[in-house]
Every structure is written in structure tokens, then in C-alpha cells.
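**Student:** Residues per chain, in single letters:
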Amino acid sequence: MENTIKAIVEKYDSNKGFLVPVLQDVQKELNYLPREALDLVSKFLKVSISQVFEVATFYKAFSLEPRGKYQMALCQGTACHVRGVPLIVDHIERTLEIKDGETTEDLMYTFETVNCLGACALGPVMVVNEEYHGKMTIAKTDKLLKKLGKEGNA
Amino acid sequence: MSDKVNLTIDGRKLEAPAGSTILQAAKDANIYIPHLCHNDELKPYGACRLCVVEITHRNRTRIVASCIYEVAEGLEVQTVTERVLNVRKLVIELLLSRNKKSQVLQDIAQKLEVEKSRFELDIKGCILCGMCIRTCKEVVGVNAIGYKSRGFTREVATPFDETPPDCIACGSCAYVCPVDFIQYSEKNGVRTIWNTEFPMQKCTKCGRHIAPVKQLDHFKETLNLPEDHFDICLHCR
Ligand code: FES
Ligand code: FES
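Chains A and B are the protein sequences, given in the same order.
Residue numbering for the first sequence follows my numbering, starting at 1 and increasing by one per position.
Residue numbering for the second sequence follows my numbering, starting at 1 and increasing by one per position.
Bear in mind the hints are in silico, worked out from the structure with no lab data behind them.
Yeah, the Cβ is synthetic: ideal placement off N, Cα and C, and Gly gets one too.
Calculated Cβ distances over 10 Å to all of chain B for the following chain A residues:
id, residue
1, F44
2, S63
3, M108
4, G118
5, K147
Think about it this way: if two alpha-carbon atoms lie no more than 20 Å apart in a straight line, the pair counts; the simulated SDA-like pairs of lysine to any residue are:
id, chain 1, residue 1, chain 2, residue 2
6, B, K148, A, G101
7, A, K46, B, D166
8, A, K16, B, D166
9, A, K60, B, K148
10, A, K16, B, G141
11, B, K148, A, V55
12, B, K137, A, G17
13, B, K137, A, V47
14, A, K16, B, K137
15, B, K148, A, S63
16, A, K46, B, E221
17, B, K111, B, T79
18, A, K46, B, G141
19, B, K148, A, P34
20, B, K148, A, P66
21, B, K148, A, F62
22, A, K16, B, R134
23, B, K137, A, D39
24, B, K148, A, L19
25, B, K148, A, E36
Please model the entire structure based on the sequences and the hints provided.
**Tutor:** Here you go:
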């Protein structure tokens with residue numbers, strides 16, 4: 001891990017101002033921000049660990065917990081909400097047996113609700129690993145989950 | 001451009017250095033504006049909003065935080081108007097909702113004739129003024145503590161909520177905290193702060209405890225002092 005972090009930090013000339021992009025790259029590489037990685041970022045970038053921790057906990061895009069291979073973000077913005085998102089939330093939570101914001105134990109799925117994704121016309125919208133799925137229904141959700149290898153038992 | 005500007009505060013004509021704040025100018029003229037998160041040793045920050053004043057600039061009035069608003073030529077400042085008092089009352093109510101017990105806050109509330117806060121909150125006492133964090137960073141220079149999370153869940157925390165590795169146990173954060181929220185104690189040669197026990201160094205002559213070992217080490221390192229510099233306490237020198 002040491003070398004990975006070092007390479008990332010050096011890519012930004014060890015410039016403190018690039019703390020956020022550095023963390024983004026680290027998260028992309030490791031899929032979350034393990035504590036060890038944050039300590040290394042602090043060391044190589046010469047930014048105090050308290051500051052690294054502050055930034056890492058400030059942005060929702062950063063996660064200090066391991067995340068699943070498939071990251072699903074379901075929009076809960078107004079437009080999506082009125083088109084039945086609460087039911088889909090329920091359905092996903094029951095199928096994956098996790099709550100909003102959690103990751104399955106096998107580290108396959110992370111499910112969270114987010115606010116307006118900016119594609120209201122397509123609502124309800126769900127993003128799975130950066131791929132947008134519009135006009136979601138329970139049936140479509142099921143299909144998608146099946147494609148990702150999760151058979152519903154509910 | 002001259003480096004002085006003319007302004008009036010509560011009708012008094014004053015001169016203040018360009019680039020300074022209203023609060024500073026008022027202080028220099030012995031005009032009191034209540035404030036909680038300002039300290040002359042720290043950079044202007046503007047977190048508590050208690051220091052609001054009403055300004056008139058080119059016929060427009062506005063409420064601004066005096067500790068971060070720069071003086072300007074021709075600026076008219078009123079430190080006590082109905083509008084100002086209304087805002088201050090609301091601010092103290094909001095602050096009180098985060099810490100009902102603080103004597104400092106209660107005293108301010110009393111002066112503003114606020115009996116109690118209308119807002120009920122389940123927060124333990126930190127008003128998030130950032131004095132501790134800023135002092136740790138700007139004055140002590142160790143950056144041991146910071147904020148965690150944001151919005152409603154924001155709090156002051158040590159990294160990972162554990163023993164802060166950079167902390168030298170100087171206690172400055174507890175000292176500047178306006179609402180006495182940071183727990184700090186010293187007993188039997190141990191200083192406890194941020195849930196961590198820091199052993200203190202004994203004077204080799206009289207045996208009195210001088211200061212936490214980590215703090216003395218920090219001084220030795222930053223000031224390039226000899227290793228035995230703090231072996232003897234001030235009294236025994
Ligand atoms: S409300 Fe869901 S994309 Fe806007
Ligand atoms: S003193 Fe100005 S905002 Fe706190």
C-alpha cells in the first residue's frame with residue numbers, strides 16, 4: 001500500500017493543495033479510504049492527520065468503510081421520490097438485507113440513497129457504478145439485481 | 001490610496017487602518033460588541049455570529065458579522081439597533097440550544113433579555129466556534145484536532161476519535177473554549193485531555209511536575225533546545 005499511496009501523492013507533486021484529488025485517487029484505487037492509507041497520505045503529503053480526517057469525513061463521496069463491488073445510488077430527490085422511490089428503497093433493503101448506506105457482508109453491494117442526480121426526467125433514477133438506470137420500477141430493480149448476481153428471496 | 005479609512009461607529013467618527021475589521025476598530029475606540037469566537041491571536045473566522053452589527057454603506061443597511069467585515073471609507077456602523085438585537089437574540093437562543101449549561105452563554109442571554117431558548121436540541125455542548133481547532137493550528141502549530149463530518153453531524157474530534165497522535169497535551173484548546181466543553185484534568189503527574197493520559201515530567205531537583213513530557217519534547221524540538229533543558233523546573237533554577 002505504501003508504494004501505491006506514494007505514487008499517487010507524487011503524481012500531484014506532493015502538493016498539499018491536492019488533498020482532495022489525492023484522496024479521490026486513493027479511493028478509486030482501494031475502493032474506500034482505509035485508515036492506513038489516510039496515515040500514509042498524511043505522511044507523504046505532510047498534512048496533519050487531523051486535517052486529512054476532516055476532509056475525508058466532510059465529503060460524502062469518501063468512505064472510511066469498505067464499499068461493495070457494486071455501488072448503487074438510488075435517487076431520493078423530489079421528482080424521483082414522488083414516482084415511488086420509497087417502495088424501491090424498501091425492496092432493495094429487503095433483498096440485499098442491508099439498510100440505506102450499508103454494505104453487504106460479502107462486500108458485493110453497497111446501497112445508498114442520494115439527493116437529486118440531475119436527471120429528473122428519467123426518474124426514478126439509480127446509478128450503479130457510474131451507469132445510470134432510468135424509470136426504475138420494482139420489476140426493473142429485480143432484473144438489475146439479478147444481473148448483478150443477486151436473486152431476490154423476498 | 002491611504003492606509004487609513006474614516007468610518008463612524010454609533011455616531012462617533014473614527015479612523016482605522018485599512019484592512020482591519022469593524023470589531024477591531026470598535027475595540028480600539030472602547031466600543032463593546034459582544035463576541036464569542038474572536039480572539040486577537042487568531043485569524044478572523046466568523047462562526048458564532050454574536051458580533052453582528054448594522055452597517056450603512058451608500059444608503060443601504062445590512063447586518064454583518066463585525067469580526068470579519070473590513071472597515072471601509074465612509075462606512076457607518078450601528079452596534080445596537082432593534083434589528084441587531086433581534087439577530088443577537090436569535091443567535092444566543094441557537095447557541096444556548098447547543099449548550100444550556102454554559103454560564104458564559106447564560107450571561108449573554110441575560111443581557112439580551114432572553115430567558116430561555118425556544119429550541120430543544122440533544123447536543124452535548126460544543127457550539128462549533130472552532131476556537132480550539134484554530135488555536136491548535138494557528139497558535140500551537142500542531143494541528144492535533146479538527147472537525148469531523150459536516151452539517152448537523154459536525155463535531156470537533158481527534159482523528160478517528162482516538163488518541164490524537166500530534167497532540168502535545170498543552171491544554172490550549174480547553175483554555176480557549178468559551179463554553180468549557182473540552183475536558184481537561186491534571187492529577188498525580190498525569191494530564192488527561194482528549195480521553196488520553198499524558199505523563200508529566202518531574203523536576204529532577206524538587207520533584208514537582210513541570211509539564212507533559214510530550215509538550216516539553218515539542219518545545220525542545222521546535223526551539224532546538226538541549227535534551228536536558230527542562231530537567232529542572234523554573235523554581236529550582
Ligand atoms: S429527483 Fe431524482 S434525478 Fe432529480
Ligand atoms: S465573534 Fe464574530 S462571529 Fe463570532
